[in-house]
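Number of protein chains: 2
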Amino acid sequence: MRSLEFDQFALTAKNLLETELTTMVEELDGPPILKEAMEYSLQAGGKRIRPLLLFATMDTLGADWKLGVKVAAAIEMIHTYSLIHDDLPSMDDDDLRRGKPTNHKVFGEAIAILAGDALLTQSFRVLSTLDSAIFTDRQKLDIISCLSQSAGAEGMVGGQVADLLGEDKQVSLEELEYIHTHKTGKLLAVCAEAGCILADAKKEIRDLFRSFSHHLGLAFQIRDDILDQIGDEKMIGKPVGSDVSNKKSTYPALLTLTGAEEKLSYHIHAAKATLQKIGGKSLYLDTITELIATRNY
Amino acid sequence: MRSLEFDQFALTAKNLLETELTTMVEELDGPPILKEAMEYSLQAGGKRIRPLLLFATMDTLGADWKLGVKVAAAIEMIHTYSLIHDDLPSMDDDDLRRGKPTNHKVFGEAIAILAGDALLTQSFRVLSTLDSAIFTDRQKLDIISCLSQSAGAEGMVGGQVADLLGEDKQVSLEELEYIHTHKTGKLLAVCAEAGCILADAKKEIRDLFRSFSHHLGLAFQIRDDILDQIGDEKMIGKPVGSDVSNKKSTYPALLTLTGAEEKLSYHIHAAKATLQKIGGKSLYLDTITELIATRNY
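If you read the sequences in order, they're chains A and C. As numbered in the numbering used here, residues 1 to 297 make up the first sequence, in order. As numbered in the numbering used here, residues 298 to 594 make up the second sequence, in order.
One chain only, chain A, in its complex shape:
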């Protein structure tokens, strides 16, 4: 499934993105320790699944995906801030993230909170100052509007609150899906949505992408839960079973491991079926979907 062409795309994309992120932080006129803390978590070696999803969406729609690099960087800043804040002692209290000490372990709690705040704020600075020779003001505003809704109280932050409230108690499957569609799903969906906006896609196409990313987001999270139970500690970069010790509800806990795997398979099939409807040259999106279904970290 994974082709040389995809690997080349993913590598180029990752390099472009990481260079962009470094430049963006370097250019900031702010306290060095703050910039160091921002950079530390931005470069902590994530899978960059969100940027890849945005680029692949643009590519499928016939747009030059490299033009999306600043938008992808802005979304990655929001994803990174959310990880920094989620890891804090008063939240999940995690010491490790992707095998490295979490931000507050290195820089202290105060700087970690502020690095998160600065990343979140900078994301909107980046989007509001995108090159006007390439994008219209309307495109910029549509992305800001979409991202701020998906990342805030109605999206990611709301999902994190629901996740905290669900600790130490049995949540229903419905509650678990609320948590995941909000905490993880909405920000993944923004990537496809932003790709559509940048590629000037029609409403029907955007609706299909919304459906695609809904299934992709749930698949992503179910695989995450499965990995927490059966994964390789070295690969996932944190202790196996940490969801259980953090008293998090998970799909395997609610549905058994087999049930969770069936649900994963259902969402992967639904995502692929939607891709077929979208048509176009969707090699990259097919591969991303496949990778999410089978990833080991």
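Simulated from the structure, these hints should not be mistaken for laboratory data.
Not the full set, but computed from the structure, chain A residues with beta-carbon under 10 Å of chain C:
no. : residue
1   : Thr129
2   : Asp137
3   : Gly152
Ranges of calculated distance between the beta carbons of each label pair, as one might list FRET restraints:
no. : chain 1 : residue 1 : chain 2 : residue 2 : range
4   : A       : Gln8      : C       : Glu474    : 47 to 53 Å
5   : C       : Lys578    : A       : Asp200    : 41 to 47 Å
6   : C       : Asp428    : A       : Ser3      : 44 to 50 Å
7   : C       : Pro398    : A       : Thr258    : 45 to 51 Å
8   : C       : Gln526    : A       : Gln229    : 54 to 60 Å
9   : C       : Leu308    : A       : Ile134    : 44 to 50 Å
10  : C       : Gln340    : A       : Ser3      : 53 to 59 Å
11  : C       : Glu323    : A       : Asp207    : 27 to 33 Å
12  : A       : Gly62     : C       : Ser429    : 24 to 30 Å
13  : C       : Lys578    : A       : Lys47     : 55 to 61 Å
14  : A       : Ile134    : C       : Asp428    : 25 to 31 Å
15  : A       : Val106    : C       : Gly359    : 49 to 55 Å
16  : A       : Gly62     : C       : Thr319    : 41 to 47 Å
17  : C       : Lys499    : A       : Gly108    : 42 to 48 Å
C-beta atoms are modelled at their ideal positions from N, C-alpha and C, and glycine is treated no differently.
Given chain A's structure and the hints, the job is docking chain C onto it.
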């Protein structure tokens, strides 16, 4: 100095703003406890100096200030998030704010952090979805760009980091001014800047307003430091001398009380002189400047 006309304006503005803030939070489709925490701090009874400054700027420039209410609410959301995060145990560790328990004392640290994150994010949602029948896309983007720069690593967050780094040591007057122009000044300046953008002011006028709000911001902070030393605990809503016990550098500590008062007077005069150059009907701005110089809370 304080006229019936100004009092009427301030009261109308405060009511309009607070109704808008309540509606904005009520309309959010998010977890009730999160919305409650957001609303708690938004309605904690601040002076609303930032919204008043924005409205008064628009009024001076001949624009209908009531059209600025959503923009003022967006800025007030950012101001409020910064107070919630500043009060956290890992930052200033304050139990009281304006005489009421701080957000984390009521809702716990995790929800307080998330309420701050949600307010910051929502601010950009509000700005990106302003009524297109009233404002152009360019106006919206200019405000988002200006606000995100002033509130982030290059502005308010950067100032808060510098403030934290300055604890427990003697800072120079230059460092103290850096802290305050960034931590407080930049967000005050955005209010005047946003007012100029909404009123379609020319570049020369915007430059004058920038100078005006620079002096106003420093005056505001110097008065704050003076009040912390000689203020009435009941009026200021927190213990007198808390800066000293928090080991914060202040203007009186650096310049003596008389020296700080002289510096306050200098900035107030400079602000007023700039207002004269701006011309127009600046009654409200005159009064706001005066109030900042003499306020007791």
